[in-house]
Every structure is written in C-alpha cells, then in structure tokens.
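Chain by chain, the residues:
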Amino acid sequence: MESRDLAVDPATDPATDPDRGLAGRPLGLNLAFAVVFLVSACGLGYQLVAGTTSSYLLGDSVTQFSFTIGLYLFALGIGSYLSKFVDRNLATVFVRVELAVAVIGGISALTLFFAWESELWFRPLLYGEILIIGTLVGIEIPLLVRLLEEELELKELIARVLSWDYVGALVSALLFPLILVPRLGLARAALAFGLVNALVALWSISLFSDRLSRPMALRIQSGFVVALLAVLFSQAAQLTTIAEHTIYAGEIVHARTSPYQRVVVTRSNKSHQLFLSGALQFNSEDEYRYHEALVHPAMASSLDPRRVLILGGGDGLAAREVLRHPSVEKVVLVDLDPAVTDLARTFQPFVDLNEGSLDDPRVEVVNADAMAWMETGANLFDVAIVDFPDPHSFSVGKLYTDTFYGLLMKRVAPDGVVAVQSTSPRLAPNSYWCIAETMESVGFFVRPYHAAVPSFGEWGFMLAAQREIPVPSDVPDDLRFLSDDYVPNLFVLPRDAQRREVEVNRLSTQSLVRYYDDELKP
Amino acid sequence: MRPTGRRGLSRRTALKAAAAGSLGSLLGGVGCGAARASLRKDIPGGFVDDGVESGHRFRDGGMGRGAPAKEERCRVLIIGGGVAGLSAAWRLARQGVKDIAIVELGSAVGGTSRGGAMSTVAGGSLPCPFGAHYLPQPRTEQLALAAFLKDAGIATGVTADGRVAVADRDFVRDPAERVAGLGYFEEGLWLRAGTSPEDDAALVRFESIMAEHMRLDGDGRRLFDLPVARSSASMQALDGMSALQWAEENGFTSERMRWYLEYASRDDLGAALQDTSAWALIHYFTARGNLESKESAGYLTWPDGNARLVRGLESLIEPALVHKRTGEVAVEVTPGASGATATTVNAATGAMTRWTADAVVVAAPQFVARRLLREDPAAKARAAFRYSPWIVANLHLSERPESRGFPYAWDSIIHGSASLGYVDAGHQLDREDERDTVWTWYLPVIDSDERAARQELLTRPFESWRDAILDDLRGVHSNIDDVVTRIDVWRWGHAMVKPTPGTMWGGMRADAAAPIGNVHFAHSDLSGIALFEEANWQGTRAAEEILKGLGIAGESLL
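So the protein lines, in turn, are chains A and B.
With the working numbering applied, the first sequence covers 1 to 522.
With the working numbering applied, the second sequence covers 1 to 558.
Each hint should be verified, as a subset may be incorrect.
[Said to hold, decoys possible] Where chain B lies over chain A, by a calculated footprint (3+ residues, C-beta under 8 Å):
#, region
1, 369-376
2, 500-510
[As the list claims (entries may be wrong)] One side of the interface only, derived from the structure: several residues of chain A facing chain B at Cβ under 8 Å:
#, residue
3, Ser258
4, Leu336
5, Ala339
6, Phe394
7, Ser395
8, Asp402
9, Thr403
Treat the hints as calculated values from the structure; they're not laboratory data.
We treat Cβ as the ideally placed atom computed from N, Cα and C, and that holds for glycine.
Hey, can you work out the whole structure from these sequences and the hints?
The structure is reproduced here in structure tokens:
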C-alpha cells in the first residue's frame with residue numbers, strides 16, 4: 001500500500017476522518033509532544049538497562065554497550081520501516097505498541113537477572129529483548145508523526161518531534177545513572193520506564209480518543225498493564241534478592257562460565273575479588289590473612305616440609321605461601337577447573353597477587369577431580385593443604401567425607417600434616433564441627449583453629465595429623481598477618497564457636513551439605 | 001464395589017488403566033507412533049541383548065539333534081550362569097567341591113545382574129548395569145548372603161543393629177532419589193507438589209500398617225522374612241488377594257497412594273498391582289526392616305550395579321571350576337541311578353557335549369527347566385510361572401542435561417511415567433573432571449498378557465524404543481536430545497518372575513523346587529520374587545542338597 005502523503009490536506013473534514021482532531025484543543029499539541037518526549041526517554045532507558053545489565057552480568061562493558069547500542073539503533077530502523085505497513089487505526093496501534101513496550105521493557109532487567117544463570121538462554125534473551133524493544137520503539141515515532149501530520153506543517157512537525165525526541169534521550173541519560181539506578185536499582189528502574197510507557201498509553205487513549213474505535217477496551221488493557229507493573233515494582237525488592245543474589249558489589253572485570261562453575265572477578269576500592277558460582281573466594285585486600293592462616297600452621301607443624309600437596313586453591317595464593325618455605329622441593333596443586341588455574345596464571349592482577357606461584361618450577365598443576373586423583377597415585381606428601389569451596393553442593397560435599405579423608409590420610413606421610421579450610425565456626429558451627437568430627441572418624445588427630453578474615457568474617461580451619469601434634473608457633477618472619485607470638489591465639493576458640501555434637505559426613509548421608517544449607521541459606 | 005476416594009480411581013478405571021500396561025502408555029499403542037520422534041535422528045545405538053536367538057532355537061526344537069560329539073565328566077554340572085547358578089557353585093566351592101562346570105546360554109555369566117560399559121568422551125569406558133543394580137544392606141541373619149559378602153571382601157563387619165557392615169562408598173551416595181512432577185524435581189519418592197493432606201495422612205497410615213507387619217509370630221518367625229522361605233505362614237491369606245484388592249480394602253485408593261504402591265510393585269516385583277500378590281507387596285515393604293526401629297535397609301550399589309556382585313562370585317568360584325562355557329545351550333537333562341547326565345550345544349558351532357556328573361543343578365528359570373526334562377513330575381507347576389519382560393536402556397550423555405528443582409541424585413523418578421525413570425551410573429564415581437555419564441533407564445513391562453508384550457518387545461525396531469525413551473525423558477530434561485550420544489537397549493523377555501496372587505503360598509514353588517534324583521533346581525523364581533537375595537539363597541539351598549548327597553558335612557547357611 002502506498003504510504004500517505006505527509007502534507008496536510010486542508011480539504012479533509014475532521015468530523016468525518018477518525019484520524020484527526022487535536023487542532024481543536026489548545027493543549028492537544030503540546031501534550032502530544034510530551035508523549036514524544038516520554039516515549040523517547042523510555043526508549044533510551046531500556047537501551048541503558050540492557051547495556052548496564054549485560055555489562056554488569058557479563059563484564060566487558062565496552063563490548064556490551066557497543067553491541068547494545070548498535071543492535072538497538074538497528075532495531076529502531078526495523079521498527080521505522082515496519083511502521084509503513086500500518087495503514088489503519090494508527091492510534092490504536094500506537095497504544096498497543098506502547099503497552100507492549102511497557103511490558104517487555106519493564107520486565108527486561110528482571111528477566112535478564114533470572115536468565116543469567118543459564119549460559120544457554122542469557123545471550124539470546126538479551127539480544128532478543130533489545131531487538132524487540134528497539135523495533136517497537138522504532139515504530140512509535142513514525143506513528144506519532146503520522147498521527148500529528150494533520151496538525152502542523154511537515155518542517156515544523158519534524159523539527160519539533162525530533163527535538164523532543166532528543167531532549168527525552170538527554171533527560172533519560174542523565175536521570176538513569178544519577179537518580180534511577182542508585183535509588184531504584186536496575187530492576188525497578190526498568191519497571192519505572194515500563195510504568196511511564198503504560199501511563200503514556202493511558203494518556204494517549206484520552207488524547208486520541210476520537211480516533212480510537214474501542215477506547216474502553218484499550219483503557220482496560222492499559223489499566224491491567226499499569227497494575228501488573230505496579231505490583232512487580234512493589235515486589236521488585238523481593239524478586240531481585242532472588243535474582244540478584246549473585247550480583248556483585250564491584251565492577252565485573254572478568255566473567256566466564258566454565259563447565260564446572262561461573263568464574264567472576266570484580267574490582268572495587270583498588271582490590272580484586274574472585275567469585276566462583278557467586279561465592280566469594282578471596283578479596284585481594286585481606287586474602288593474606290586467610291592464606292597465611294591456612295598454610296603456615298601446617299607448614300610449621302611439619303618437621304621438614306619438602307613435598308606439599310594443595311587440593312583446590314587454583315588461585316595460586318596458597319601456593320604462594322607454601323613457596324615462602326625454602327625447604328619446599330615439590331608442590332602438586334590439584335584443582336578441577338582449568339578456568340581458575342588459567343586465570344591465576346594469565347590475569348595480571350592475579351599473577352601479581354600470587355607472585356607467579358603457578359609458574360614456579362617447583363609447582364605442578366593438575367586439573368583433575370581431587371578424589372579421583374587421590375585414588376590413582378601413591379606418592380606421599382609431608383603437608384597437604386585442602387582449600388576447597390564451601391560444601392554448598394553435593395559434588396563439593398563429597399570432598400569433605402570420611403571416605404575422602406581416608407584417601408587423604410593414605411597420601412600423607414606418617415609424620416605429615418594436613419590443613420583444611422572448614423567454613424565459619426561462628427556462622428556455620430554445625431558445618432565446622434562436622435568437618436572436625438569427620439576427620440577424627442578416620443583417625444586424624446585434629447586441632448581446630450580460626451582466624452579473622454574481614455571479607456569472610458570469623459573463618460575456620462582444621463590442623464590434623466596422624467599423631468598428636470603440639471600447637472605450632474614457628475612461622476616465617478616476613479608475614480603480614482601471622483607472627484610466632486600470635487599463632488597460638490588462633491587455636492583458642494571463642495565461646496560462640498564451642499564444639500557441638502554433629503554427625504560424621506559420609507558419601508551416603510552428605511550431612512555436611514545439609515548442615516551448611518541450613519546454616520547459610522540466604 | 002467399595003466406595004472410593006473423591007480423586008481415587010474406581011476399580012473399573014483402574015483396571016482399564018492397567019490393561020493398557022506399560023507398553024501401551026509408553027509407546028502409545030501399536031502403529032499410533034505417539035512418541036515424538038527425536039529431534040536428532042542420528043543418535044546411534046541398538047539392541048545389545050544376547051541369547052534370545054539361541055534360546056528360541058532351543059525352544060522351537062532346532063537344537064540338540066544328532067549324536068553328541070564329546071563326552072565330559074564333572075562333579076557338579078550347573079546349567080545357568082545367573083546369580084543362582086553362580087551362588088550354587090560358590091556354596092559348593094566353599095565346601096571344597098572341585099570339578100564344577102557351568103554352562104550359560106548368554107555370552108557372559110551374571111543373568112539379570114549383568115553389567116557392561118559404554119565408551120566415554122575421553123576415550124575411556126563407563127561401567128553401567130544391564131539389569132539389577134542394587135542390593136539392600138542384608139541382615140546378618142541372611143546367612144548365605146552375609147557369608148558371600150564376607151568371602152567377596154565387601155563386608156567389613158557387623159553393624160550395631162545386626163546388619164552386614166560395608167564401606168561407606170558401597171552405599172548409594174546421597175542424594176539417593178528424587179521425583180519429578182511436571183518437570184520439577186523434589187527429593188525423595190513421595191511427590192509433595194499437588195499432594196493433599198489426606199494423601200500425606202494415607203501415607204502415614206500405610207507406613208504404620210507396614211510397621212505393624214514387622215514383627216515375629218508365635219513361633220518366633222518374622223511375618224515377612226528374607227529369604228522368603230523363612231517367613232511365617234500366618235499371613236498367607238494375603239496371598240489370596242491382589243495388592244490392588246488389599247489397597248482398596250484398606251482405603252488406599254487415592255491417585256497418589258496408588259501411584260506410590262504401584263511404583264513399588266513395578267520397580268521391585270515387575271507387575272501391576274492387580275497382578276501382584278498382596279503378600280508379595282507387603283513383603284517388599286517389611287521384610288528388610290529392623291524389627292525394633294522399623295528402619296528400612298540402606299542400599300548397596302556399584303557403578304555397574306549388581307555386576308559387582310557377579311564379579312565377586314566369579315572370582316570366588318574360579319579355582320573350583322573345570323569348565324565355564326558361555327553361549328552354550330542345555331537341551332536335555334536326565335536324572336540317573338547315580339548322578340545325572342545332560343546334553344549341551346554350542347550355539348555358534350553346533351558342537352554337542354554329553355555331560356556326566358554326580359549332580360546337576362538346573363539354575364535356569366522354570367520355563368526353561370520344563371523343556372529340559374523328559375519326565376517331570378512338576379511339569380504342571382513349572383508351566384504356571386509367569387514372567388514380566390523389561391527394557392533396560394543405557395544412555396551415554398556427553399554431559400548431564402538441564403534439570404529443574406532438586407539436584408541430580410542416584411535415582412531420578414518421573415511421576416506418572418510408565419518407566420521407572422533412570423539411575424545415574426556416574427553417581428557412584430569420582431569423576432567431576434569428566435562431564436559425561438551413563439543413565440540406565442528402566443521399563444518394567446507390566447502388561448497382563450506377557451506373551452503378547454514379549455512379542456511386541458521383540459518386533460519393535462530400535463528406533464521406536466529410542467524415540468519412546470527420549471520422549472519419556474524430554475518431559476523432565478528438555479534438551480535431552482542434545483546430550484545423548486548413544487543408546488544401548490537390552491530387551492529382557494523374562495526379566496522377573498511375577499508374584500501373582502496365589503504364587504507365594506500356593507505350593508507350586510515347592511513342587512518346582514523339589515529335586516528329581518540328582519537333578520536339583522535353583523532359581524530366584526522358585527522364591528516367587530526376583531531378588532539377588534533369593535537367587536543367592538536358592539543356589540545355596542540346591543548346593544547344600546548336593547553336599548548332603550555327597551556326604552560332605554558343613555554348617556548350613558540356610
């Protein structure tokens with residue numbers, strides 16, 4: 001069909017043409033430009049939401065914003081082109097498009113948060129949403145121009161529509177980072193844009209009421225959309241705690257999904273944080289406290305630590321501490337995920353932090369399942385440092401079972417020493433003591449200890465050996481946290497972390513995962 | 001008709017639903033092709049079962065004609081290398097009997113406890129079961145089984161509550177099972193979603209009725225015991241009714257309870273509720289429980305299921321064996337004045353062997369045993385045994401597909417499916433560093449007309465099974481087609497004896513088990529229930545009959 005001539009046809013009678021009628025009202029035109037302003041403000045808003053959410057979740061903000069803006073502008077073009085196929089009921093189509101934008105754009109951030117865990121769906125959803133919102137917004141402005149074409153001369157119309165369009169973009173671009181995101185958060189900012197779109201739809205129904213065939217039906221639909229978005233807006237805090245539990249405080253500087261976990265590095269206040277599947281592994285600001293406490297008591301308890309086994313600890317930080325001991329000849333580090341050990345070797349801030357420990361000639365890195373690995377070898381170690389993630393899943397829980405400690409005992413020399421990261425004795429006392437109980441059940445002599453690590457809180461460890469060992473004291477001189485005087489304090493447990501009766505963790509019961517789940521459920 | 005619950009099935013609908021059986025609901029009836037074809041047509045696989053063809057040639061009389069080519073002599077000849085036959089050999093070997101020969105129709109011993117492996121992505125192999133895959137932790141009073149587990153180095157001692165102790169890694173790893181309703185998994189077998197308080201109350205009531213059945217009778221016998229032979233006779237009236245009748249008489253008619261009970265009867269007895277003896281179903285729920293605590297037994301399992309136990313039996317009998325022939329079909333057994341003779345045929349070459357032995361153990365199911373004997377006083381009893389077919393499929397997956405709700409467990413059950421769901425063979429392995437695994441998918445064919453079902457089983461092409469299996473799994477794992485790399489299907493024509501009403505106490509089992517001269521019988525079907533425990537006990541019983549005949553003294557393990 002031929003698109004209509006943009007020139008105003010004075011012969012057309014407003015009374016007989018349903019697509020006319022604003023000129024009769026003094027405020028009509030200005031209100032219509034307010035619609036243009038709001039529509040473009042919201043349109044840019046969704047673009048900002050998509051760009052921010054994706055760089056928030058995927059890292060690499062240059063790429064994310066570049067893709068988002070490019071795709072969005074392209075989609076605007078598609079929308080503008082598609083608008084020529086709208087020949088009748090311009091006002092009705094406009095209201096419907098507004099409502100569609102309100103819903104899809106309004107919930108865009110929420111849906112992206114929920115989809116983020118899925119490697120498969122996140123990107124298709126992200127780019128799909130950008131394309132759909134862009135296309136819908138792209139239809140809006142041409143439709144508005146055509147709705148207003150009878151009211152003004154073309155040059156005037158284009159000038160005013162486009163200027164309000166760009167003003168809307170500017171206002172949105174200023175409000176978004178300064179007020180909307182800090183005050184509302186991403187999810188509610190998107191919902192707020194959606195609400196504005198829905199209200200614009202409602203407003204447009206009054207504005208163009210004489211050009212609508214069934215205004216009441218549209219009013220009901222708009223009312224429904226407003227109500228839906230308002231409910232979501234009021235519940236967004238709750239929804240986002242569900243969706244945003246893995247959203248990080250700092251800026252994401254590296255994000256990758258390995259077959260085993262999601263590896264995310266953030267940066268804030270000049271320090272770096274490593275998250276595995278959303279759980280903080282270390283903060284460069286205070287990781288030295290954790291790693292010194294994990295490594296040195298065990299090294300000090302060994303008479304001659306030459307061969308050291310590190311299970312987990314793919315970040316290379318425990319290895320750094322181990323290598324401070326000149327007696328060490330060989331370190332075998334077994335970590336499941338090459339994504340973590342590669343990061344520790346190639347990501348410069350991490351290499352600086354671990355002092356290149358994984359590329360030290362004394363260190364051998366093995367990417368394997370620790371339990372399977374222990375079953376296959378036979379060589380003995382003087383010290384074993386066990387630094388697994390907290391027992392948050394059944395597959396990690398097996399690495400804290402009596403079966404596992406039985407295997408570990410076979411790989412440690414008779415006078416060897418073991419240190420195990422053991423969750424928090426204060427936040428998860430049942431979990432902490434379950435690890436002690438389990439290690440003792442296979443015959444380890446266990447000395448529980450703890451250290452204050454600000455990023456984690458009160459953190460717990462087990463020092464164990466096949467014979468009774470004294471509280472260690474002799475640590476290297478150049479440490480930042482531990483000193484010979486201070487080490488014995490680690491072995492004094494505060495009152496709120498006293499031993500309690502718990503079950504042994506077995507493969508057949510996974511008691512620890514269940515304790516941990518009870519104690520640290522968000 | 002008794003009044004049924006509001007949401008319960010009426011007797012008629014229940015019967016109608018069951019008449020369709022598992023094949024009907026899974027495959028959508030002959031020719032209808034209800035199962036949606038796989039999105040990926042190129043998933044390879046095929047049938048891996050063996051022995052069907054040679055078994056049928058024997059059945060149809062196409063074997064054993066002509067004069068025997070070779071004479072062999074042995075002390076005891078065991079026909080059938082399943083768990084009963086291997087257990088008979090183990091019991092004999094344990095008492096110092098040598099020169100034992102075993103002939104087995106299949107390409108390997110183990111019977112329905114056989115296992116195998118599938119190739120992995122990394123070029124290794126992943127063990128998996130072809131049939132039975134777990135053993136409930138026995139009580140020490142199960143003397144034969146406890147002795148075998150000790151001999152095989154699996155038992156580590158005795159637990160405080162009187163069970164055979166084993167290493168923790170031989171138990172099913174936690175989490176053990178999960179059940180999916182509408183594609184969302186929950187822990188356990190009792191689906192909570194959509195369950196009414198009345199359903200939960202019914203389950204509690206059912207469990208308390210079962211607890212009441214865990215006790216001793218006036219003579220100090222457990223009402224329901226393992227082995228079955230030790231059970232009290234006082235509850236035999238229950239054998240006169242079907243489990244469905246029992247459930248209705250006790251008011252367990254809601255859809256949820258019916259599903260729960262039928263899942264148990266399908267899983268452990270291979271039969272629909274109306275084809276199951278009420279005695280057998282209650283036996284399943286009570287025979288393993290601790291009389292004091294009423295606690296049920298833990299499950300022992302291995303990556304290739306009960307094939308681990310078969311390997312244990314094989315290594316224990318190895319020194320006492322003079323012959324172990326697979327692919328060898330027995331065609332005739334004759335009791336003699338002293339000893340017995342038998343004829344076997346090599347299925348591949350047709351070479352015949354004529355065996356002379358002091359005793360023969362027919363460790364084969366009764367539908368085979370009845371074709372071996374020319375004169376059989378128990379022919380009628382043997383003809384009355386019924387068997388359910390099963391399909392066991394192993395699926396190799398390049399990685400575990402998406403799954404909603406409770407995380408992956410050993411056993412994943414799909415509520416409302418004709419299948420039993422699947423067991424993850426990788427669950428018992430320490431290989432987080434390799435992403436692939438094998439799932440063993442089980443379908444007990446509970447159709448009341450077993451002969452027709454068996455026919456259907458053998459005529460359906462592989463592709464039809466493949467599509468039905470993937471369709472079943474797609475309901476809980478939408479991207480299953482993307483991760484399955486191969487499907488191996490094993491068709492068991494006679495997987496389990498069916499404990500139909502009347503078979504547990506009707507006398508036919510005793511008739512069929514009675515020795516004929518020096519020919520003895522050993523098979524789990526003689527216990528009425530297809531369990532490893534029973535096969536092991538039946539083999540032990542037949543062996544002890546022979547030991548007695550040979551004048552070899554020893555303490556009984558029965």
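Now the hints, each set against the structure:
1. 369-376: Since three or more residues must qualify, the claim that chain B covers the region 369-376 of chain A holds, with 4 doing so at under 8 Å.
2. 500-510: holds (count 5)
3. Ser258: At about 11 Å, which exceeds the 8 Å cut-off, the nearest Cβ of chain B leaves the hint on Ser258 of chain A violated.
4. Leu336: holds (6 Å)
5. Ala339: violated (13 Å)
6. Phe394: Where the cut-off is 8 Å and the nearest Cβ of chain B is about 6 Å from Phe394 of chain A, the hint holds.
7. Ser395: It holds, given that the least Cβ distance between Ser395 of chain A and chain B is near 6 Å, below 8 Å.
8. Asp402: This interface hint holds because 6 Å falls under the 8 Å limit.
9. Thr403: Where the cut-off is 8 Å and the nearest Cβ of chain B is about 5 Å from Thr403 of chain A, the hint holds.
When each numbered hint is compared with the structure, violations occur for hints 3, 5.
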